[in-house]
Amino acid sequence: MGSFRPIHIEIDRYRLEDVYAFSTAFPHEEGGRDPIGRMGGNVSRLGDKMLDRFFVTNGELLLSA
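In this text, residue positions in the sequence shown follow my numbering: the first is 1, and each later residue adds one.
Any given hint might turn out to be false.
Unchecked claim - Simulated restraints, written as ranges between beta carbons of each label pair:
1. Arg33 <-> Arg13: 14 to 20 Å
2. Lys49 <-> Glu29: 28 to 34 Å
3. Glu29 <-> Leu61: 28 to 34 Å
Claimed, not checked - Heads up, simulated EDC-like pairs for lysine to aspartate or glutamate below, C-alpha to C-alpha not over 20 Å straight-line:
4. Lys49 <-> Asp12
5. Lys49 <-> Glu10
6. Lys49 <-> Glu60
Hints listed in this document are in silico derivations from the structure and should not be mistaken for laboratory results.
The C-beta atom is built at its ideal place from N, Cα and C for all residues, glycine as well.
Model the full assembly from the supplied sequences, consistent with the hints where possible.
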(Lines of atoms letter the chains of each structure in order from A; the text may use other names.)
(Lines give C-alpha, C1' and ligand atoms only; values in the text may rest on other atoms or scores of the structure.)
Protein backbone atom coordinates (compact mmCIF):
# COMPACT_ATOMS: atom_id res chain seq x y z
CA MET A 1 0.00 0.00 0.00
CA GLY A 2 1.30 3.44 -0.90
CA SER A 3 2.24 6.21 1.45
CA PHE A 4 -0.20 9.10 1.47
CA ARG A 5 -0.12 12.45 3.21
CA PRO A 6 -2.40 12.32 6.27
CA ILE A 7 -5.78 13.64 5.16
CA HIS A 8 -6.30 15.73 8.29
CA ILE A 9 -3.39 17.91 7.17
CA GLU A 10 -5.01 18.57 3.78
CA ILE A 11 -8.41 19.30 5.31
CA ASP A 12 -6.98 21.69 7.89
CA ARG A 13 -4.41 23.42 5.67
CA TYR A 14 -6.75 24.12 2.76
CA ARG A 15 -10.03 24.47 4.71
CA LEU A 16 -11.64 21.50 2.94
CA GLU A 17 -14.12 20.56 5.66
CA ASP A 18 -17.02 20.54 3.20
CA VAL A 19 -15.13 18.84 0.37
CA TYR A 20 -13.70 15.52 1.55
CA ALA A 21 -15.92 12.44 1.87
CA PHE A 22 -14.96 8.85 2.68
CA SER A 23 -14.52 6.35 -0.12
CA THR A 24 -12.51 3.16 -0.35
CA ALA A 25 -11.17 0.52 -2.71
CA PHE A 26 -11.92 -2.17 -0.10
CA PRO A 27 -11.71 -5.19 -0.45
CA HIS A 28 -8.94 -4.54 -2.96
CA GLU A 29 -5.36 -4.27 -1.71
CA GLU A 30 -5.34 -0.48 -2.21
CA GLY A 31 -8.16 -0.16 0.32
CA GLY A 32 -6.16 -1.83 3.07
CA ARG A 33 -7.55 -4.07 5.78
CA ASP A 34 -9.23 -1.38 7.86
CA PRO A 35 -9.90 1.71 5.73
CA ILE A 36 -12.59 3.08 8.05
CA GLY A 37 -10.36 2.74 11.11
CA ARG A 38 -7.32 4.19 9.36
CA MET A 39 -9.14 7.17 7.89
CA GLY A 40 -11.30 7.68 10.96
CA GLY A 41 -8.25 7.75 13.22
CA ASN A 42 -6.67 10.33 10.98
CA VAL A 43 -9.72 12.58 10.59
CA SER A 44 -10.67 12.27 14.28
CA ARG A 45 -7.81 14.67 15.06
CA LEU A 46 -10.09 17.40 13.69
CA GLY A 47 -12.97 16.59 16.06
CA ASP A 48 -16.34 14.86 16.03
CA LYS A 49 -17.99 17.39 13.73
CA MET A 50 -15.38 16.71 11.04
CA LEU A 51 -15.76 12.94 11.51
CA ASP A 52 -19.49 13.32 10.85
CA ARG A 53 -18.87 15.44 7.77
CA PHE A 54 -16.25 13.03 6.41
CA PHE A 55 -18.22 9.81 6.94
CA VAL A 56 -21.84 11.02 6.61
CA THR A 57 -22.82 14.58 5.69
CA ASN A 58 -20.47 15.30 2.78
CA GLY A 59 -21.30 11.94 1.19
CA GLU A 60 -25.02 12.62 1.55
CA LEU A 61 -24.56 15.84 -0.40
CA LEU A 62 -23.00 13.88 -3.27
CA LEU A 63 -25.60 11.12 -3.29
CA SER A 64 -28.66 13.34 -3.00
CA ALA A 65 -27.98 15.09 -6.32
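Going through the numbered hints above, which ones does this structure break? Give me the numbers in ascending order.
1
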